[in-house]
Every structure is written in structure tokens, then in C-alpha cells.
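Residue numbers (UniProt numbering), protein chains in the order written: chain A, 1 to 210; chain B, 1 to 174; chain C, 1 to 185; chain D, 1 to 493.
Since the hints were derived computationally from the structure, they do not count as laboratory data.
This structure is a prediction, so every number in the text was calculated from the model and none was measured.
Treat the hints loosely; a few may be bogus.
Here are some chain A residues the structure puts well away from chain D; computed CB gaps all over 12 Å [claimed, not checked]:
1. Ala31
2. Ser36
3. Lys46
4. Arg60
5. Val61
6. Gln98
7. Ile99
8. Phe131
9. Phe177
Just so you have them, the derived chain D footprint on chain C, three or more residues with Cβ under 8 Å [said to hold, decoys possible]:
10. 20 to 33
11. 133 to 139
All residues carry an ideal CB built from backbone N, CA and C; glycine is no exception.
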Amino acid sequence: MKKKLRNIILISFSIVLSFCLFYFGTDGFQAYTAESARIYRLMEEKPFFPNVTLEDSKERVYEFTEFEGKYAVLTFIYTSCTDVCPQLEMNLAEVYKQIPSELLGEEIMFLSISFDPDRDDPKTLEKYQHFFSSDGETWRMARINNEEQLSSLLDEFGVIVLPDGEGGFTHNSAFYFVGRDGELLDVMDYKKTDEAAVKIMDTLQNDMEG
Amino acid sequence: MVQTAAWVTSLVFMSLILIVFAVVAWKSREKSDYEPIKTKWNKARKVYATTLVTILLVACIYTLRELPYDLPIYGESQDPTLVDVEAVQFGWIMSETEFKVGEPIEFDVTSTDVTHGFGIYDEDMTIIAQTQAMPEYTNTVYITFTKPGTYKILCMEYCGLAHHYMVSEITVTE
Amino acid sequence: MKRSFIIGSLIFLILIIPPIRIYMESMMIIHMLVQLPLLIVVGWCIGEYIENKYPKLFELINGNGVSGIIIFVAITMFWMLPRTLDEALTFPIYEIFKFISLPLAGFLLKDSWRKIKAFGRIFIYLNYLSMFGLMGWLYLDSPIQICNNYLLEQQKTLGWGFIFITALMVLYVLQSVFTDQSEEE
Amino acid sequence: MSTAIGSKNVKSDNKLVTASLILGGVVIAAMMIFGILMLFAQGGVINVSDAAFYQFLTIHGTGMIGAAALAAAGVMWYFLGKYVELSKKVFIWFLALVLVGVVLVVIGVFSFEYASAWTFLYPLPAISANAWGVTGALLYLFGMLILGTGFLLLYIDTGRAIIKNYGSLGKGLGWDVLSGKKRVEDAPPKAVVASTMVTIVNVTALIAGAAVLIMNIINVINPSFTFDPMLAKNLTYAFGHIFANAIIYMAVIVVYELLPKYAKRPWAVTKLFLVAWTMSTVFTLLIYTHHMLMDFSMPKWMLIMGQALSYANGIPVLVVTAYGALMVVHKSGIKWDMASGLAFMSMLGWTIGAIPAIVDATIVVNHVMHNTKWVPGHFHMYMGLGAVVMLFSFMYYLAKIDSNVQETKLDKFAFWCYTIAMMAISIQFLVSGALSTPRRWAIHYPGWMTPAVFGAIAGVFLVIATTIFIIHFLRYVKNRGTLGSDLHEEKAA
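All chains, please: the whole structure from these sequences, using the hints.
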């Protein structure tokens with residue numbers, strides 16, 4: 001009898017232990033991939049956008065503080081990408097279209113940042129812009145020339161970029177929603193454009209009313 | 001009509017089996033030795049089995065001659081009309097809904113969310129063709145309408161609570 | 001019996017050497033299908049030694065083998081989550097946990113495998129069979145890159161690796177249920 | 001039967017088997033009520049909301065398959081246990097897990113409005129157009145997973161026991177007899193052959209089912225993990241078709257055991273019999289593809305194979321099992337009572353149910369019959385008049401050998417009431433199918449309503465008959481152990 005009791009206790013204990021392992025290992029059954037875990041952590045940390053120097057498609061050079069006081073929606077891309085990036089930008093264009101034009105540039109900026117500064121010079125970026133009817137003003141495309149700044153930004157925002165050895169990169173994709181002071185507000189699924197647009201509008205409206 | 005043929009065939013064979021069972025049940029009240037019955041009916045089984053296998057084989061091969069999957073042979077300068085069909089919860093998005101009698105049509109059926117069923121019903125609400133509408137796959141239904149009228153598209157695969165409202169219409173004119 | 005302890009420790013030490021460790025982890029399929037299983041083997045070998053040296057210990061912590069097998073399943077499943085493999089490369093704490101938890105799993109498996117008898121073994125085996133098949137499917141079919149540290153290509157290779165293992169497991173089942181087992185009992 | 005194990009602990013074994021039969025029988029009767037409600041709703045007699053209708057649909061399908069499989073597994077366990085040593089502990093675990101699974105499924109469906117039909121076709125559990133949430137889907141899917149785990153445990157045990165006693169599953173199917181290594185007289189008994197077949201096909205089915213269930217669970221939890229829907233569909237039907245099909249192969253053991261006993265004639269295992277069961281094993285594993293005849297993107301050879309093998313699958317029952325049963329009964333002076341009558345009737349149900357199945361497995365017919373009510377027509381005949389009747393036959397048999405509860409006129413009435421009602425329901429479905437009525441529709445157009453109303457009324461009689469069957473069985477359970485018929489002695493010997 002004593003043996004039986006001990007077995008039951010052992011089994012219960014092992015079940016509880018297994019449960020804990022999975023509970024903590026998946027942030028409370030939330031994050032099953034490193035990508036979702038990354039987003040989860042980002043939301044916990046709410047990092048600030050580091051001050052980097054951008055060079056955009058109109059060859060203007062400025063720091064990120066230029067956008068201070070405005071919301072920003074960011075994506076990370078490289079123009080020679082053939083699979084995810086075009087899709088990512090296409091979806092971003094859809095979000096862009098859903099934002100009322102009087103807010104664009106005033107309250108909110110769209111910004112696509114290239115992590116391939118060697119190839120994505122302003123000319124290339126300008127060409128790339130046309131595919132998505134980005135105006136270069138309220139939706140800008142820019143590169144970061146300083147390698148150190150670039151890697152610190154990618155690091156801070158948890159963007160992992162792996163060269164695939166054939167001139168391309170494999171990287172994770174999402175919409176990054178940055179607040180007025182440069183703090184990261186949300187990382188949104190780039191496949192759910194409507195959801196993203198609603199979220200952005202809600203935040204804007206709340207902010208403007210309050 | 002296929003339905004009638006299927007119904008009649010089934011009914012004939014089902015009745016036949018019913019009769020055999022009824023006769024055996026009726027005769028079960030008699031009592032005789034098992035050995036002679038065994039010899040007799042084991043012999044009969046050979047004939048019966050051969051007949052049955054032959055019937056099944058012939059029927060199987062016969063019905064496999066023309067399959068709905070195969071692209072029909074179109075006459076010269078008779079290009080089929082390609083129609084894109086997209087099933088969504090809960091409706092049909094079709095690139096074209098008006099057709100002519102005798103016009104060969106290919107419905108390229110797919111789905112954006114869950115699995116649906118694309119069933120074409122004629123004016124008497126008899127189904128004349130169908131295929132599954134699946135996400136990531138495209139199934140093609142080949143059809144040439146022979147009668148004018150209003151045809152209905154019904155969803156044939158359970159797809160959610162409004163499954164039975166997923167109905168659309170197409171018109172076929174002379 | 002001391003030999004198995006030495007073999008186990010030796011494998012462990014080899015696995016822990018940084019260049020070897022980094023090389024193994026640079027390829028997803030080797031990481032998951034070679035390094036992780038070897039760590040379990042380490043535990044198994046050491047378990048064999050300890051089982052002989054301190055037979056009472058297992059009696060105390062793993063009475064009928066069920067609790068041990070539950071922990072084993074939990075740990076191996078944990079390391080099959082797409083996330084954990086990734087995190088092991090990014091966070092040292094995960095890496096350390098990997099080198100502790102997996103030998104522990106093997107250690108428990110050694111003792112439990114003996115105790116859970118044919119019935120339990122078949123059940124666990126069939127569960128892993130379907131789990132591996134599913135993992136193969138997941139890695140092959142996923143249109144998105146599941147892991148951040150590995151390329152899509154690597155993910156596919158791993159998927160095929162899992163399918164291959166599943167196929168072998170199926171073959172093993174077939175041969176064991178359709179060949180005569182009566183003499184062995 | 002030299003291999004028979006003495007009737008050790010028959011009593012407590014019987015308790016477990018009756019538990020599975022009571023649970024199965026009661027659930028089957030309850031599910032019939034949902035069936036009637038659905039038919040009345042389709043016939044326009046009563047008003048059922050769309051959400052409720054599809055919840056009924058989901059629970060009716062899941063419940064019927066689950067309950068029938070549960071009871072049939074009990075029957076198989078009862079008879080197989082006479083020849084090999086089965087673990088009682090495993091059977092208790094099996095019952096417990098099935099119960100837990102059922103509770104989860106019921107909560108998922110009724111409290112969380114989950115309604116994906118019992119086929120839970122990917123990606124429907126995750127994409128419900130907001131009809132149900134993640135919780136409902138997870139409860140249902142986990143419930144099914146636990147239920148499946150229970151069954152898997154049971155079949156591992158039967159497989160283990162068969163291998164232990166006969167050497168291998170191949171020998172359990174009598175392959176060594178077929179290859180001439182062993183005499184026909186030494187072939188494994190019919191119950192063992194059937195159990196081996198079911199063990200093989202159902203372990204396969206359950207592994208496929210576990211994979212597709214977990215895949216659905218992953219998709220529900222995290223919709224960004226997507227899978228190939230065609231592969232998912234294949235696995236779903238490999239699981240669903242085989243598992244549902246295996247019910248009759250478990251239950252038919254009753255017929256094998258009862259008819260020769262009642263007719264006082266031997267029904268020996270022959271080579272033909274063994275060939276037939278090996279054929280059934282292979283066909284049952286492969287013919288699930290006849291559910292996918294309307295998936296034009298499938299490889300064509302698989303679909304043609306689906307038709308050809310579905311045709312071939314009729315041969316074992318038509319030539320061997322049913323024919324053998326008829327030979328045993330023919331001019332035997334058999335003593336008809338409820339058990340033998342139901343056993344005989346079930347063979348009729350199985351055979352006539354096979355006909356519309358074969359017809360529907362014809363690709364050109366399937367083109368206009370797939371997902372019409374023709375399909376439920378065939379399987380209501382095959383399951384309702386075949387498999388389930390075998391279970392009732394076993395209930396009466398158990399009552400007869402293990403108690404002094406007598407059969408009354410009422411039982412006889414129930415027999416005919418059940419037969420005619422079930423016949424009517426099946427025919428009603430077939431007629432609807434021939435009229436192109438789509439299946440799984442919450443409403444019907446006026447032209448389709450009449451058969452549904454007819455079926456619903458027949459359903460009321462069906463429930464009455466089933467209730468009488470179950471009451472008889474419950475009376476037995478109360479009076480268990482009181483010595484009854486002379487058949488009892490035969491069994492103990």
C-alpha cells in the first residue's frame with residue numbers, strides 16, 4: 001500500500017513537473033516558436049528605437065529623431081529579395097491605404113528599412129518604391145549605412161538576418177509599430193493587414209482623443 | 001440519369017439479398033443433416049463466387065471507361081470557357097455566371113478558407129456534377145450544358161454554420 | 001558496468017567540446033537528430049552504471065517506471081518544440097539546460113524502459129512514431145520559417161530526416177509483428 | 001479448442017464488458033434522439049437553430065461511432081479473452097479514458113458550441129467564421145485524442161496478447177495455415193482472426209488519427225502553422241473510415257460464436273475464411289480513398305484503386321461471411337430467440353448495406369451522389385441494421401447465459417419494430433440521396449422534406465425498440481449470475 005501511494009505521488013509530481021516545464025518553456029502556452037517568443041519578449045521589454053542615421057530614396061540623410069512626435073510603422077527588407085519582402089511590402093501598402101490621408105505624415109509615418117546597404121542605394125530604393133506606390137514622403141524607404149548602427153538596431157528589435165550564401169538573406173518579417181517617443185508598441189503579423197490597420201487606427205484615435 | 005440507374009441497381013440487388021435471407025430463415029425450420037448441405041452449397045458457392053466476381057469486374061471496368069477527371073476532347077476551334085470559382089465562407093465567387101447551351105465550360109474550383117463542395121444542380125434540383133473546393137488546390141469540372149435555364153450551385157461539404165445558405169445561381173441561355 | 005559509465009562520460013565530454021558543439025549546432029538536422037539523441041544515450045549509459053551501483057535509488061525515485069517515462073516524454077517533447085532548438089543557440093541558459101535535461105531523460109528512460117514492460121514500451125513507441133511523422137510533416141510543409149537561426153532549406157532537410165526515421169520505425173513494427181516472436185517469450 | 005483459457009474470473013470480466021455495453025447502448029439510444037431532431041428539422045416540422053443543428057450533427061456522428069466502437073470493443077474483448085490472456089487493468093483504463101474523452105467532447109460541443117461534424121476536416125476547427133472559439137475546438141480535439149488513446153491502449157493489449165499466444169499477427173490471421181505450414185484444424189479460432197484484423201487496421205487508423213488531431217490542435221493554437229490540406233484529409237479519412245469500418249469486424253464475432261451454437265452445427269475455419277479475412281485487412285486499410293473520389297487533385301491511380309478495391313471489399317462478406325452464416329442456418333432447425341434472430345438479421349443488414357456502398361464507390365455515380373444523403377443511407381443500413389444489431393444480439397445472449405431473465409413478447413415486438421424502423425430510415429436516406437438532397441444541411445427545400453419527416457417518425461419507433469432492448473439488458477445486469485439457459489454449461493465446458 002505504501003508503495004502504491006508513493007507511486008501515485010511520484011506520478012503526480014512528474015506530471016506537475018512536466019506541466020511546469022512546458023508552461024515556462026512556452027511563456028504560459030503562448031510562444032511555441034522562437035519568433036513568437038521573440039515578439040513576446042519584445043513586448044515585455046518595449047525597446048526604444050536606437051538613434052541611427054538613415055539615408056532615404058531621395059538621398060536625404062537624417063537621424064531617426066526626425067520622426068519624433070509621430071507614430072511610425074516599420075518593416076525590414078532588402079530589395080533583391082524574391083519571396084517574403086515583396087509580400088511584406090504589398091501588405092504594408094494595404095495597411096497604408098487604410099490610413100486616412102490627413103493623418104499620413106502628420107501623425108504617422110511609414111518606413112521600410114533595408115538591411116542590405118551595399119546594394120540598396122537610394123536609386124535602387126527609389127525604383128523599388130514605385131512597385132508599391134510609396135510616395136517617398138509619408139512612406140519612405142531608407143538604408144542605414146553605418147554597419148554598427150544597423151546591427152544594433154536589428155539586435156534591439158530582434159530581427160535575425162542570415163545570409164543564405166547566394167546573395168540573399170533569410171529573415172523574419174513583421175510590421176513594427178513604434179510610438180511617438182520611438183518606443184516599440186507592437187509587433188504585428190504582416191499577413192493580417194486588416195487587423196494591423198485597425199490596431200493602428202485605434203491607437204491613433206485613442207491618443208488624439210485623450 | 002445516373003441517380004435512377006444507381007437506385008434501381010441497388011434496389012434489385014438489395015431485394016435479391018433480402019429474398020435469399022427470407023428463404024433461408026423460412027427453411028430453417030426444417031431440420032436435416034449438415035454434411036449434404038455443406039457439400040451441395042459449397043459447390044454452389046463456386047458458381048456463385050465466379051458469377052459475382054465476373055459481375056463486379058465487368059461493372060467496375062465498364063464504369064471506369066469515362067471519368068469526370070479526364071479532359072474531354074473538344075472539337076476544332078472550340079475552346080472551352082474557363083471559369084474561376086472561389087469558395088469562401090459562405091458564398092461563391094465566380095468569374096462568370098452566364099453561359100450558352102453547347103458551350104464547353106471548365107470550372108476551376110478552389111477555396112480560400114476551408115473545404116467546400118461545388119455541386120451544380122439543374123432546374124429540377126437534380127445534381128449533375130460536383131467536385132471538392134479545397135484551399136491550396138484547384139479541381140476542374142468539365143461540363144457542357146444541354147438545356148437552358150437557371151442552374152444552382154450548392155455547397156456539398158460541411159463548412160460551418162451557414163453551410164446551407166451557400167447557394168449561388170448561374171444562367172444558361174440558348 | 002564501469003565501462004558504460006566511461007563510455008557515457010566520454011561521449012558527453014566530446015559533445016561539450018566547443019568546436020564540435022558549435023559545428024553540430026550549425027546544422028539543424030545534426031543538432032536535433034544527432035546531438036540530442038546522443039545526449040540521451042549519455043544518460044542511458046550512466047543510468048546503467050548507477051542502476052548497478054545503487055539499485056535502491058531508482059526504487060525510490062521511479063517506483064513503477066511511469067513517473068520516469070512521463071518526465072522522459074516531457075523533456076524530449078520540450079526539445080522538439082521548434083522554439084527550444086532556436087533558443088539554445090541564442091541563450092546560454094537554454095544550452096546548459098539542454099546538456100542537463102537530456103542526459104537526465106536518458107537516465108530515467110533506462111530505468112523505466114525495464115519497468116514498464118512490453119505493454120508500456122509499445123505504447124510509448126507508437127506515440128513517438130506518430131509524433132516523429134508529425135514533426136516531419138510540420139517541418140516539410142510549413143511555408144514559414146519556423147526557426148530564426150536556421151534557413152528554410154535546413155528545416156526541410158530536418159523534415160526529411162524525421163520522415164526517414166518514421167519510415168524505419170514503421171518497418172521495425174512490421175517486422176516485429178509479422179515475424180515469429182514465440183521463442184523469445 | 002485446445003487453446004481456450006479456463007473461465008477464470010468470468011464474473012468480473014463480464015462486469016467490465018457489461019459496463020462497456022451499457023455505456024455504448026445508452027449513448028446510441030441518446031444519439032438516435034439527436035438523429036430524429038435533425039430529421040424533423042430538415043423536414044420542416046420543428047425549428048432548430050443552425051448552430052444547434054450542427055452541434056447535433058457533430059455529437060450524433062461522434063457519439064454513434066464512439067459508442068458503437070466502445071460496445072463492439074467490449075464484445076471483441078469478451079470473446080478474444082477466451083483464447084488469449086488479456087489485461088483487465090488495460091480494459092479499465094480503456095473505459096476510463098473513453099469516458100473522459102466523451103465528457104470533453106460533450107462539453108466542447110454543447111458548452112462551447114463546437115460543430116465541425118465528426119470529420120473535423122482541416123482547417124475547419126480553426127476557421128469557423130466565429131461560430132466557435134479556440135476553447136471549444138481544443139476540448140473537442142483533445143477529447144477525441146484521449147478517446148483514441150484509450151482505444152490504442154486496448155489494441156496494444158490485444159495485439160500483445162495475440163502475438164504472445166500465436167507468435168505473430170500474421171499467424172493470428174492464419175498465414176502459416178495458408179502457406180501450408182500448419183493444418184487447417186490448428187488454425188486460430190474465428191474470434192482471434194477477426195481480432196487480429198481489427199488490431200492491425202485500428203492501430204494504423206489511430207496513429208493516423210493521432211497525427212491529424214495533433215496537427216489540428218497545433219493549427220488551432222497557432223494558425224500560422226499551416227499544413228497541406230490534402231494530406232490532412234487523407235489522414236482524416238484513413239482514421240475515420242477504418243475506425244468506423246472496424247466496428248462491424250469486431251461485432252461480427254458475435255455472429256461467428258452464436259449461430260453455430262444455436263444451429264448446433266460447426267462453423268469451422270477454412271482456408272477460404274482466412275483468405276477472406278486477410279483480404280478484408282488489406283482492403284479496409286486502403287479503400288478510405290473512396291471518400292476522396294471528388295478530390296480531382298488526388299493521384300488518379302489512387303482514386304481508381306479506391307473504386308476497384310471498394311468493389312473487391314464486398315467479396316469477403318458476400319462470398320464467405322454472409323454465405324457461411326446462411327449455410328449454417330439453412331435447414332438447421334435452429335432455435336430462434338432474440339440473440340440468434342438479431343445475429344441473423346445483422347448479417348442481412350451488413351450485406352444489403354454493402355450494395356449502396358459499392359454503388360456509391362463507383363466514380364461516375366459518386367460524381368452525383370457524393371455528399372448527398374445516399375451516403376448516410378448506406379451506412380445507416382450497414383451500421384444500424386448490421387453492427388449495432390450484432391451488439392444487441394450479444395446483449396440478449398449474455399442475458400440468456402448469465403441470468404434467468406426471460407424474453408417476453410415485448411422483446412419480440414421490439415425486434416420487428418427495430419428492423420422495420422431501421423430499414424425505413426435507411427431507405428428514406430437512400431431516396432433522399434437519389435433525389436439529390438445534400439447531406440449535412442440544416443434546412444431542406446420543399447421537394448426534399450417528405451423523406452426526412454418519414455425517417456424521423458420511423459426514428460421514434462427505433463428509439464422505442466432500442467429502449468426495450470436496453471431495459472432487457474439492464475434487467476439482466478440486476479439479476480446477473482442467476483443461472484439461466486443450458487447454453488451456459490456449454491460455455492463453461
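How the hints compare with the structure:
For Ala31 (chain A), the requirement that its beta carbon stay farther than 12 Å from each beta carbon of chain D is not met, with the minimum near 9 Å. Look at Ser36 (chain A): its CB is around 7 Å from the nearest CB on chain D, not clear of 12 Å, so calling it non-interface is violated. Even its closest Cβ contact with chain D, about 23 Å, leaves Lys46 (chain A) beyond 12 Å, as expected for a residue assigned away from the interface. At the 12 Å boundary, the C-beta of Arg60 (chain A) stays outside the reach of chain D, the nearest C-beta of that chain being 37 Å off.
Chain D leaves Val61 (chain A) outside its interface by the beta-carbon criterion, the shortest separation being 37 Å against a cut-off of 12 Å. A cut-off of 12 Å between C-beta atoms confirms that Gln98 (chain A) is not in contact with chain D; the least separation is 21 Å. At roughly 25 Å from the closest C-beta of chain D, the C-beta of Ile99 (chain A) stays outside 12 Å, upholding its exclusion from the interface. Every CB of chain D is more than 12 Å from the CB of Phe131 (chain A) (nearest about 25 Å), matching its label as outside the interface.
Even its closest Cβ contact with chain D, about 18 Å, leaves Phe177 (chain A) beyond 12 Å, as expected for a residue assigned away from the interface. With 0 residues carrying a beta carbon less than 8 Å from a beta carbon of chain D, the stretch 20 to 33 of chain C misses the three-residue requirement, and the given coverage is violated. With 4 residues having a Cβ less than 8 Å from any Cβ of chain D, the stretch 133 to 139 of chain C passes the three-residue criterion, so the hint holds.
Violated hints, listed in ascending order, are 1, 2 and 10; each of the other numbered hints is respected by the structure.
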